[in-house]
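Visitor: Listed below, chain by chain, are the residues.
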Amino acid sequence: MKVTVFVTPKKTVLDPQGAAVGHAMEHLNVKPSSDVRVGKTIEFELEGSDTPELRAQLEKICDGLLSNPVIEDYRYELA
Amino acid sequence: MKVTVFVTPKKTVLDPQGAAVGHAMEHLNVKPSSDVRVGKTIEFELEGSDTPELRAQLEKICDGLLSNPVIEDYRYELA
Amino acid sequence: MPTEAPAPNPDPTLNAPITPELVDKHGLTPDEYERIKKILGREPNLTELGIFSVMWSEHCSYKNSKKLLKQFPTQKFDEDSRNKVLVKAGEENAGVVDIGDGWAICFKIESHNHPSAVEPFEGAATGVGGILRDIFTMGARPALFTNSLRFGELTSADSRRIMRGVVHGISHYGNCVGIPNIGGDTYFDTCYEGNPLVNALCLGVLKHDQIKRGAASGVGNPVYYVGAATGRDGLGGASFASKELSEESAADRPAVQKGDPFMGKLLMEACLEMMGVDGLVVGIQDMGAAGLTCSTCETAARGDVGVEIELDLVPQRETGMNSYEIMLSESQERMLVIAKKGREEELEKIFEKWDLHAAKVGLVTEGKDMVVKQHGQVVVRIPAMDLTEEAPLNDPIATRPAYLDEIQAWDIETLPDLTDDGIYDALPQLLADPSIANKRWIHRQYDQMVMTNTVKHAGESDAAVVRLRCGGPDQDKYIAITNDCNSRYCWGDPYEGGKIAVAEAIRNLACTGARPLAMTNNLNFGNPNKPESFYMLKECVRGLAETCEFFDVPVVGGNVSLYNEKQDTKIDPTPVVSVVGIIDSRQYITSSTIKKGNEALILLGDVPKELGCSAFLRVVHQLKTGLPPRMDLENQAALMDFLQVQIQKGRIHAAHDIAEGGLLVGLCEMLFAGEETFGADINFEDLPIDRWDSLFFGESQGRILLAVDASRADHVVHDAERYDIHADIIGEANDEGILHVDAPNLEHPIEWDTSSLREIWENAIPSAMKI
Amino acid sequence: MKIAVIQFPGSNCDRDAYHAFFGVFNQPTRLFWHKRPSLAGAECVVLPGGFSYGDYLRCGAIARFSPIMNSIIEFANNGGPVLGICNGFQILCEAGLLPGALVRNEGMEFVCESAKLNVEDSMDYFNQGSLGETIDIPIAHGEGNYRIDDDGLADLEANNQVLFRYANNPNGSISNIAGIRNKEGNVFGMMPHPERAVEEIHPSRDGIGVIKAFLKSQMARQQKA
Ligand SMILES: Nc1ncnc2c1ncn2[C@@H]1O[C@H](COP(=O)(O)OP(=O)(O)O)[C@@H](O)[C@H]1O
Ligand SMILES: [Mg+2]
Chain C
1 MKVTVFVTPK KTVLDPQGAA VGHAMEHLNV KPSSDVRVGK TIEFELEGSD TPELRAQLEK
61 ICDGLLSNPV IEDYRYELA
Chain D
1 MKVTVFVTPK KTVLDPQGAA VGHAMEHLNV KPSSDVRVGK TIEFELEGSD TPELRAQLEK
61 ICDGLLSNPV IEDYRYELA
Chain A
1 MPTEAPAPNP DPTLNAPITP ELVDKHGLTP DEYERIKKIL GREPNLTELG IFSVMWSEHC
61 SYKNSKKLLK QFPTQKFDED SRNKVLVKAG EENAGVVDIG DGWAICFKIE SHNHPSAVEP
121 FEGAATGVGG ILRDIFTMGA RPALFTNSLR FGELTSADSR RIMRGVVHGI SHYGNCVGIP
181 NIGGDTYFDT CYEGNPLVNA LCLGVLKHDQ IKRGAASGVG NPVYYVGAAT GRDGLGGASF
241 ASKELSEESA ADRPAVQKGD PFMGKLLMEA CLEMMGVDGL VVGIQDMGAA GLTCSTCETA
301 ARGDVGVEIE LDLVPQRETG MNSYEIMLSE SQERMLVIAK KGREEELEKI FEKWDLHAAK
361 VGLVTEGKDM VVKQHGQVVV RIPAMDLTEE APLNDPIATR PAYLDEIQAW DIETLPDLTD
421 DGIYDALPQL LADPSIANKR WIHRQYDQMV MTNTVKHAGE SDAAVVRLRC GGPDQDKYIA
481 ITNDCNSRYC WGDPYEGGKI AVAEAIRNLA CTGARPLAMT NNLNFGNPNK PESFYMLKEC
541 VRGLAETCEF FDVPVVGGNV SLYNEKQDTK IDPTPVVSVV GIIDSRQYIT SSTIKKGNEA
601 LILLGDVPKE LGCSAFLRVV HQLKTGLPPR MDLENQAALM DFLQVQIQKG RIHAAHDIAE
661 GGLLVGLCEM LFAGEETFGA DINFEDLPID RWDSLFFGES QGRILLAVDA SRADHVVHDA
721 ERYDIHADII GEANDEGILH VDAPNLEHPI EWDTSSLREI WENAIPSAMK I
Chain B
1 MKIAVIQFPG SNCDRDAYHA FFGVFNQPTR LFWHKRPSLA GAECVVLPGG FSYGDYLRCG
61 AIARFSPIMN SIIEFANNGG PVLGICNGFQ ILCEAGLLPG ALVRNEGMEF VCESAKLNVE
121 DSMDYFNQGS LGETIDIPIA HGEGNYRIDD DGLADLEANN QVLFRYANNP NGSISNIAGI
181 RNKEGNVFGM MPHPERAVEE IHPSRDGIGV IKAFLKSQMA RQQKA
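Chains as they are written, first to last, in our numbering: chain C, 1 to 79; chain D, 1 to 79; chain A, 1 to 771; chain B, 1 to 225.
Honestly, the hints are just simulated from the structure, not real lab data. Heads up, a few of these hints could be off.
[Stated by the list, open to error] Using 20 Å as the maximum straight-line C-alpha spacing, the simulated PhoX-like pairs for lysine-lysine come out as follows:
1. K11/C <-> K40/D
2. K353/A <-> K35/B
3. K31/C <-> K2/D
4. K63/A <-> K538/A
Build the full structure now, drawing on both the sequences and the hints.
Guide: Set out below in structure tokens:
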């Protein structure tokens with residue numbers, strides 16, 4: 001099963017990388033009408049199927065390792 | 001319009017970050033059955049609608065600024 | 001004796017007949033191909049052809065430069081006990097020099113120009129990783145990095161992109177592995193547009209009995225592959241570095257390797273731990289250019305034995321790689337280790353501790369062949385020594401370029417001298433020139449203090465200074481290091497330019513209180529097959545070699561990067577020189593910046609009328625012409641002896657070599673490169689003045705500015721006379737922040753506010769990079 | 001005090017910290033590999049600077065799950081003194097032993113320089129009286145931008161948990177914060193490197209005061225307990 005975890009900086013937290021990217025985009029004459037936010041994706045395969053146990057395991061690595069709850073949110077997709 | 005750009009390391013290119021993350025996941029007893037690949041997402045709003053001109057503009061910032069064509073692939077979603 | 005032909009390759013594409021096109025594509029000439037056939041006594045297969053092609057590329061074989069390099073002295077004449085060369089240039093991955101009490105240093109410089117042109121960040125990062133491995137391979141713990149960088153003008157967006165990427169790449173790798181980057185040099189010139197130079201140096205420390213060799217020995221000893229897995233990255237990098245850049249280079253992009261500094265750090269620690277175990281390691285070699293190929297055949301050749309490896313045992317990151325790809329890959333962070341038979345477990349345990357994999361991939365064998373197997377079949381069999389020693393040596397033709405006569409005949413009198421206003425304007429113009437301006441934008445991104453041994457880093461003194469902890473607290477040693485090369489001088493007069501590069505480096509050391517120990521160099525030149533380019537290389541090397549010989553500074557290693565050309569632009573000849581010196585006592589460490597007002601300023605050296613190839617001509621008159629300044633070696637020797645004695649007497653508070661930009665620029669650097677900003681009152685009453693421009697901005701060689709206690713100034717000048725050195729008290733520093741210059745026939749004194757000058761000098765690069 | 005300097009894969013100021021605590025301060029100091037199951041009687045833990053796990057994912061994120069971290073968390077929760085410098089600070093935040101998080105510098109670039117810090121009145125030995133009003137301590141980091149939510153910040157301030165603030169903010173840290181402690185006063189984290197300012201060859205000697213303050217405050221705490 002393919003797992004994709006999406007990690008994004010919390011709306012309330014400053015995202016220096018996003019700010020820098022937004023700035024650079026303007027130099028190329030693309031003007032975003034919002035803040036730019038830079039997040040992460042983590043992709044991997046996992047044996048097994050979509051069970052509550054598997055989701056519990058996933059939650060465990062998402063919360064703390066793959067994302068830091070102080071500054072980031074996460075969600076994941078199974079396919 | 002909301003733009004999300006997904007940038008992933010090319011399959012053939014070393015992803016040291018992914019390797020380290022895979023290793024750490026094993027410490028937490030989650031054993032991925034594939035390599036772990038860490039990518040980036042860049043999210044922002046853009047005025048306008050889905051036209052060829054807008055896509056051309058997007059291509060311009062994706063190729064070089066948001067992704068490094070030497071080592072990364074990208075795709076984007078408009079919503 | 002013909003070598004036995006390998007079995008048909010498991011990958012059928014590798015059994016294709018070798019056509020002249022294939023030979024050409026591998027950068028081999030028909031003659032070279034004939035030689036290969038003669039060595040093998042048969043036709044090579046494609047993998048073997050690839051192996052010859054990388055090993056016989058300029059990068060690995062030095063086929064166009066080897067004869068020239070023989071001119072370099074490799075040992076000291078004066079066998080002073082702490083100055084012996086323990087491992088000479090060409091013997092191993094890096095040279096080793098004794099520094100006394102059983103300790104030694106090991107250092108080398110390496111270029112990553114082409115990879116950095118194609119992918120600045122990864123190219124520069126892997127350059128740092130590569131030179132790092134060259135040093136710890138020798139058994140040394142790395143202690144510092146320096147780097148020499150050349151970019152196109154910062155007015156070009158592409159040059160800014162390249163510089164940003166290169167500096168990030170260097171800082172990314174160096175900071176992560178935790179070795180301070182303490183110095184280097186950076187110049188900007190249109191000739192480097194699209195062909196940047198990225199030369200990285202690493203220096204390590206070791207005891208004499210810790211020196212490790214890259215030689216295989218002991219038939220039956222296991223051969224280990226340690227570090228990162230092999231991928232298809234960097235395929236053919238060594239031959240790639242031996243080609244001119246063209247539009248097609250962009251298509252060479254898959255050849256760019258990606259570094260992993262984290263892995264590099266683990267590999268370094270694991271290897272140092274392994275080498276610290278008595279008798280465990282027989283030989284060790286990094287996989288740099290030409291990867292597995294180069295490390296296998298070089299260790300075999302150095303040990304005069306055979307080595308056999310089985311590719312199925314090589315850790316691979318990608319599936320379906322054939323023998324050609326595995327042998328030629330330049331994946332980073334890999335080492336080849338020949339271990340003592342029977343002690344495999346000890347070795348494997350160490351790598352396990354560091355979460356690294358040590359794979360036993362082969363054996364030291366009888367005979368002299370490098371044998372490569374895949375799926376149980378022999379796919380390569382080549383006499384190792386023929387790969388490393390039999391590379392054809394060329395005698396390229398050298399023709400003196402016609403432009404040299406033309407520019408050298410340039411007459412200074414065709415240029416009107418500066419007016420008072422002209423002088424006033426020229427100084428800030430020069431200070432704003434990126435090649436002269438403050439380089440903090442760059443070195444602030446480097447961790448300069450990790451290891452807590454940095455005494456003076458980039459910008460604080462003419463050479464960077466580090467402490468080496470050699471045993472207990474009172475056994476510290478202090479060494480200084482500097483990189484130098486004014487390529488414009490080499491363009492204007494390659495022989496004199498070569499001399500100046502070495503002499504300037506040595507002078508910089510002297511200004512920090514150091515005596516020179518040994519040199520490494522990186523020869524960055526154009527295509528050697530073009531007679532005019534080869535002439536420049538040949539003449540530069542002659543100048544370098546003679547100067548080394550004169551000052552008894554042996555060359556313990558270096559690197560050659562030719563083919564630095566892109567379409568119709570080629571770089572100015574750039575022989576980057578790096579000299580390491582030793583400072584005999586901590587008290588002698590001298591900085592280049594003034595620390596209090598009221599210090600007397602003394603100019604050592606003459607004021608000849610020289611402006612050729614100066615920064616002044618380039619910046620103020622947009623001229624690149626003229627005969628570069630002359631270098632009088634005898635004179636400099638006296639200057640250095642004198643300076644050394646004065647420093648040892650404790651008389652010198654600051655010393656600064658006058659280089660690009662001339663006297664006033666050098667003075668400004670003394671006044672405000674430190675924490676505070678000082679002014680100065682200068683009066684040229686006693687100097688013979690011919691022209692203002694050459695007095696203030698000429699770059700005559702062998703000149704040093706000193707700051708000394710005002711009450712001692714006369715003594716210093718008096719002592720200088722005994723060395724036959726011209727010394728003049730030109731004024732005093734002040735706390736007022738005004739630089740005030742007067743001379744008998746100036747209409748009125750000229751005054752600058754040094755805080756504003758400092759601002760110009762500090763902001764030039766940051767503001768150029770903000771665009 | 002018996003000091004344990006923890007070595008994670010990629011730590012690179014471990015020897016520097018060792019040199020400062022042992023060589024300069026003469027404390028019994030040992031390097032502890034992160035795979036060790038316990039702290040073996042150490043009385044004080046130092047998490048050094050560097051790039052543990054290459055700073056991959058987030059600084060300190062992976063090191064936080066190293067085997068020895070369980071012992072360290074337990075040790076800290078029982079009042080044991082812990083000092084995290086630079087990457088060590090990041091690890092302590094990831095482990096939840098200190099509040100907040102450290103993100104990329106505002107200027108996006110790694111910054112290495114000697115930084116002027118304003119000393120805050122935080123607790124015994126960490127105040128202007130014992131350290132002086134300002135001190136110079138080197139910084140070297142790419143991700144030293146301290147972030148915390150409003151409530152968290154208010155808490156920090158209310159409890160005087162801020163140890164140092166940058167005089168010229170080099171990285172965008174909220175309220176110029178350069179170093180903090182936990183409420184209890186036994187866990188300390190700072191981005192600047194005091195171990196780089198302890199010898200005559202260093203840009204300043206102000207790190208001596210900081211390390212002394214840490215050691216003294218912890219000895220005093222333990223005597224009280
Ligand atoms: N310009 C030079 N001056 C002196 N020695 C040099 C120079 N260029 C290369 N060498 C020496 O030639 C030897 C062969 O280098 P090689 O093993 O190909 O090094 P690498 O592949 O690490 O660059 C090295 O010992 C190197 O120091
Ligand atoms: Mg080598």
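Visitor: Are the hints correct? Go through all of them and say.
Guide: Hint by hint, here is what the structure shows:
{"no.": "1", "hint": "K11/C <-> K40/D", "verdict": "holds, 17 Å"}
{"no.": "2", "hint": "K353/A <-> K35/B", "verdict": "holds, 9 Å"}
{"no.": "3", "hint": "K31/C <-> K2/D", "verdict": "holds, 13 Å"}
{"no.": "4", "hint": "K63/A <-> K538/A", "verdict": "holds, 14 Å"}
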